Amino acid sequence: MFREWAGRSLQRRLLVSLLLGVGLSLAVFQVVVDRLVDRYIERSFTQAADLAQRDQLMREVDLILLGGVVTVLGVCALATVLSVRRGLQSLDRVARAAQEISIDQPARTLPLSGVPTEIQPLGERFNQLIERLTEALEHERRFSADLAHELRTPLTEIRTLGEAGSARQDVAGLQEFLRQTAAAAVGMQSVIESLLAVARADRVAAQQALEPMSVAAAVRARIERLRITAPEDCARIVSRVSEGQWIQADPRLFDAMLLNLLANAIQHGDPGAAIEIDWLQEGSGGNGALQVRNAAPQLAREDLPHLTDRFWRGMPVKHTADAPGVGLGLWVVGSLCRVLGLTLALDLDELRRLTVRLAGFRAL
Amino acid sequence: MKLLIVEDSARLSAALTSDFRREGFAVDHAGDGNAALGQIETHDYDLMILDLMLPGVSGLEVLRALRASQAPTRVLVLSARDQIEDRVAALNLGADDYLVKPFDLGELKARTLALLRRRYGETSGVLAHGELTLDTNARLATVRGAPVPLTPKEYALLETLLRHRGKSFTRVALFERLYDGLSDASDRVVEVIVSTLRTKLASAGIRTLIETRRGFGYRVP
Numbered sequence: 001m002f003r004e005w006a007g008r009s010l011q012r013r014l015l016v017s018l019l020l021g022v023g024l025s026l027a028v029f030q031v032v033v034d035r036l037v038d039r040y041i042e043r044s045f046t047q048a049a050d051l052a053q054r055d056q057l058m059r060e061v062d063l064i065l066l067g068g069v070v071t072v073l074g075v076c077a078l079a080t081v082l083s084v085r086r087g088l089q090s091l092d093r094v095a096r097a098a099q100e101i102s103i104d105q106p107a108r109t110l111p112l113s114g115v116p117t118e119i120q121p122l123g124e125r126f127n128q129l130i131e132r133l134t135e136a137l138e139h140e141r142r143f144s145a146d147l148a149h150e151l152r153t154p155l156t157e158i159r160t161l162g163e164a165g166s167a168r169q170d171v172a173g174l175q176e177f178l179r180q181t182a183a184a185a186v187g188m189q190s191v192i193e194s195l196l197a198v199a200r201a202d203r204v205a206a207q208q209a210l211e212p213m214s215v216a217a218a219v220r221a222r223i224e225r226l227r228i229t230a231p232e233d234c235a236r237i238v239s240r241v242s243e244g245q246w247i248q249a250d251p252r253l254f255d256a257m258l259l260n261l262l263a264n265a266i267q268h269g270d271p272g273a274a275i276e277i278d279w280l281q282e283g284s285g286g287n288g289a290l291q292v293r294n295a296a297p298q299l300a301r302e303d304l305p306h307l308t309d310r311f312w313r314g315m316p317v318k319h320t321a322d323a324p325g326v327g328l329g330l331w332v333v334g335s336l337c338r339v340l341g342l343t344l345a346l347d348l349d350e351l352r353r354l355t356v357r358l359a360g361f362r363a364l
Numbered sequence: 001m002k003l004l005i006v007e008d009s010a011r012l013s014a015a016l017t018s019d020f021r022r023e024g025f026a027v028d029h030a031g032d033g034n035a036a037l038g039q040i041e042t043h044d045y046d047l048m049i050l051d052l053m054l055p056g057v058s059g060l061e062v063l064r065a066l067r068a069s070q071a072p073t074r075v076l077v078l079s080a081r082d083q084i085e086d087r088v089a090a091l092n093l094g095a096d097d098y099l100v101k102p103f104d105l106g107e108l109k110a111r112t113l114a115l116l117r118r119r120y121g122e123t124s125g126v127l128a129h130g131e132l133t134l135d136t137n138a139r140l141a142t143v144r145g146a147p148v149p150l151t152p153k154e155y156a157l158l159e160t161l162l163r164h165r166g167k168s169f170t171r172v173a174l175f176e177r178l179y180d181g182l183s184d185a186s187d188r189v190v191e192v193i194v195s196t197l198r199t200k201l202a203s204a205g206i207r208t209l210i211e212t213r214r215g216f217g218y219r220v221p
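Respectively, the protein sequence lines represent chains A and B. At position 312 of the first sequence the residue is numbered 312 (the working numbering), and the sequence of numbers has no breaks. At position 149 of the second sequence the residue is numbered 149 (the working numbering), and the sequence of numbers has no breaks.
Hints are computed from structural coordinates only; laboratory data are not their basis. Note that the structure is a prediction, hence the values are computed from the model and not measured. Incorrect hints may appear among the rest.
Below, computed lysine to any residue pairings styled on SDA-like, alpha-carbon distance capped at 25 angstroms [what the hints assert, rightly or not]:
hint, chain 1, residue 1, chain 2, residue 2
1, B, K153, B, V143
2, B, K167, B, L108
3, B, K153, A, D170
4, B, K153, B, R165
5, B, K109, A, D38
6, B, K109, A, L36
7, B, K153, A, S144
8, B, K153, A, H149
9, B, K109, A, H149
10, B, K109, A, L151
11, B, K200, B, L182
12, B, K109, A, D170
13, B, K153, B, A128
14, B, K153, A, L151
15, B, K109, B, D135
16, B, K109, A, S166
17, B, K109, B, A89
18, B, K109, A, S44
19, B, K109, A, L155
20, B, K153, A, E163
21, B, K153, B, D180
22, B, K109, B, G94
23, B, K109, A, R159
24, B, K109, A, L178
25, B, K153, A, G173
26, B, K200, B, E131
27, B, K109, A, R152
28, B, K109, A, G162
29, B, K109, A, D250
30, B, K109, A, S17
31, B, K153, A, L155
32, B, K109, A, Q175
33, B, K153, A, R152
34, B, K109, A, R168
Pulled out of the complex, with its shape left as it was, chain A reads as follows (with noise of 0.2 angstroms):
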């Protein structure tokens, strides 16, 4: 009973401790003293008259002996408590801190400062599991409200083609709706797997599987792929990357990269002007930099830093049904550059022409 009472709080078993070293050293301490007394005494009083004597006298100084023992044990015990209080006042802050935490808005980290130092490294590790925790929290809040955001518009095309088809009675018109509301659930395809590689980029990043590429071989490939989809922007796309360049690169994220720039240019970018894919070496250290350059007349300077902005609705987009992409194209690019460790620079010259270089790609 005692045990448990003890050992549940820290304060108490400082105190139990305490006043155990305290009375053991005092009771130690009293014995001692009182054979020297003792031994005093006797060589003092020999008599018979002197030994009722002295047996008072020992009396008196075993009554002095145990008050000053308990006094002292007194005076121990309340400074004992005074100051574990005021020391262990820092955990209990923390402690109340640590209960006031949500568990559904963890955005509160425990107060460090006082906190006796054997248990700050524990405080610190808590507060950046917190910290993580929180933005975990939030990267899924951002996700589901960008998901439900992006979602609305190809959702409400699909229901309101529907709805406005079903009323239709002419064949042709019926199937023009159904081309469109196909072409819709498309578009909401590309919404739901850009938001999702952007949510997976940490761990596609942790993942992505390094190989020897040749970046001439998959331009190639990916112009091939897109002109399925959209053969006359294709025939605007120039690549000049030479054959003999290889990197060292993961070919799925290289292609979703590059997928979404040619995109971007198509959908944003003059239909009537070429598309350039160029390959450039960085300087000495052996690193390169994919380029794609495409003219862009409605595009402004001003607008360059808002690019990869997810909401930002500066230009008008080309929505067609064989368009590729969505629009959040360079949004996904930025993402995957930030978390591949590439640099992505925007561009704009006085031609009107938007150049987009992904800086960092190590070359073979």
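Model the placement of chain B on the given structure of chain A, informed by the hints.
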């Protein structure tokens, strides 16, 4: 009734345009904010269906410009933004209604018709003139309870004249109300519509509803 749909999704605006045109509305479309500003400067619209997130000039800026011009156009905001502050901002700037995407097409039409009734100070969806009754919700004309088979354009013309009883409309003014800006038709088509409308009303027993005033146009007295 003339509508302007301001929406950057070509698929959505095409579906809405097609559906409202089938109902007899004259519908124009603007794919971005700048185009919308141009349209509201040059045309009078009864109602504008406005998306907020537009390329270039935002929907809120279009709304602000419309209200600054004192145009009586009713505005129904159609947006993917569902936060209270977005609704409050739009309504405070002068929007008359706010519908969050995705929406029910029937609800959009009902709200559109309600706003148009408010635009013309009507409390019910019924316009009556003698034995002729127009149900503006069902877009149906009846004479003594019997339906008159009108085309959407005939109905729209009759509704316009009944809503502005006593006011004369020139052929061009009626054409602008019945046809959208991209129409290839000639304004002479109005004469044809008036003629067929008169014939149908006459066969239903109403012979002198639409007057022709030389130099002023057509009116319902």
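Consistency of the hints with the structure:
In summary, the hint linking K153/B to V143/B is supported, as the alpha carbons are separated by about 18 angstroms, within the 25 angstroms threshold. With a C-alpha separation of about 30 angstroms, the suggested pair K167/B and L108/B falls outside the 25 angstroms cut-off, and the hint is violated. Between K153/B and D170/A the CA atoms are separated by roughly 19 angstroms; this keeps the pair inside 25 angstroms, and the hint holds. At most 25 angstroms may separate the alpha-carbon atoms for a hinted pair to count; K153/B and R165/B meet this at roughly 18 angstroms.
For the hint pairing K109/B with D38/A, the CA-to-CA distance comes to about 112 angstroms; that exceeds 25 angstroms, so the pair is violated. Straight-line distance between C-alpha atoms of K109/B and L36/A comes to about 110 angstroms, which puts the hinted pair past the 25 angstroms bound. The hinted pair formed by K153/B and S144/A fails the criterion: a straight-line CA distance of about 46 angstroms is larger than 25 angstroms. Using a Cα cut-off of 25 angstroms, the hinted pair K153/B and H149/A is violated, with the two alpha carbons roughly 38 angstroms apart.
Between K109/B and H149/A, the direct Cα distance comes to roughly 23 angstroms. Compliance with the 25 angstroms bound is thereby established for this hinted pair. Only pairs whose Cα atoms come within 25 angstroms are accepted, and K109/B paired with L151/A is accepted, the gap being roughly 23 angstroms. The hinted pair formed by K200/B and L182/B fails the criterion: a straight-line CA distance of about 29 angstroms is larger than 25 angstroms. Between K109/B and D170/A the alpha-carbon distance is near 22 angstroms, which keeps this suggested pair within the 25 angstroms criterion.
In summary, the hint linking K153/B to A128/B is supported, as the alpha carbons are separated by about 19 angstroms, within the 25 angstroms threshold. Between K153/B and L151/A the alpha-carbon distance is near 36 angstroms, which puts this suggested pair outside the 25 angstroms criterion. With a C-alpha separation of about 14 angstroms, the suggested pair K109/B and D135/B falls inside the 25 angstroms cut-off, and the hint holds. For the proposed pair K109/B and S166/A, the alpha carbon gap of about 16 angstroms is at most 25 angstroms, so the pair holds.
For the hint pairing K109/B with A89/B, the CA-to-CA distance comes to about 23 angstroms; that is within 25 angstroms, so the pair holds. Only pairs whose Cα atoms come within 25 angstroms are accepted, and K109/B paired with S44/A is rejected, the gap being roughly 120 angstroms. Using a Cα cut-off of 25 angstroms, the hinted pair K109/B and L155/A holds, with the two alpha carbons roughly 18 angstroms apart. Of the pairs offered as hints, the one joining K153/B and E163/A holds, with about 22 angstroms between alpha carbons and a cut-off of 25 angstroms not exceeded.
A threshold of 25 angstroms between alpha carbons decides the hint, and for K153/B with D180/B the separation of about 12 angstroms falls inside it, so the pair holds. Using a Cα cut-off of 25 angstroms, the hinted pair K109/B and G94/B holds, with the two alpha carbons roughly 20 angstroms apart. Annotation: proposed proximity of K109/B to R159/A holds, straight-line Cα distance about 14 angstroms (limit 25 angstroms). Pair hint K109/B plus L178/A holds up; C-alpha atoms about 22 angstroms apart against a cutoff of 25 angstroms.
Between K153/B and G173/A the alpha-carbon distance is near 20 angstroms, which keeps this suggested pair within the 25 angstroms criterion. A distance of roughly 14 angstroms separates the Cα atoms of K200/B and E131/B; the hinted pair therefore holds under the 25 angstroms criterion. Under the criterion of a C-alpha separation no larger than 25 angstroms, the hint pairing K109/B with R152/A is consistent with the structure, at around 19 angstroms. With a C-alpha separation of about 15 angstroms, the suggested pair K109/B and G162/A falls inside the 25 angstroms cut-off, and the hint holds.
Of the supplied pair hints, the one linking K109/B and D250/A is violated, its CA atoms being roughly 51 angstroms apart against a limit of 25 angstroms. At roughly 81 angstroms between alpha-carbon atoms, K109/B and S17/A are farther apart than 25 angstroms, so this suggested pair is violated. The straight-line distance between the Cα atoms of K153/B and L155/A is roughly 31 angstroms, outside the 25 angstroms bound, and the hint therefore fails. A C-alpha spacing of about 24 angstroms is found between K109/B and Q175/A, which places the hinted pair at or below 25 angstroms, so the restraint holds.
A C-alpha spacing of about 33 angstroms is found between K153/B and R152/A, which places the hinted pair above 25 angstroms, so the restraint is violated. Among the hinted pairs, K109/B with R168/A is consistent with the structure: their alpha-carbon atoms are about 17 angstroms apart, no more than 25 angstroms.
Hints 2, 5, 6, 7, 8, 11, 14, 18, 29, 30, 31 and 33 from the list above are not met by this structure, while the remaining hints are.
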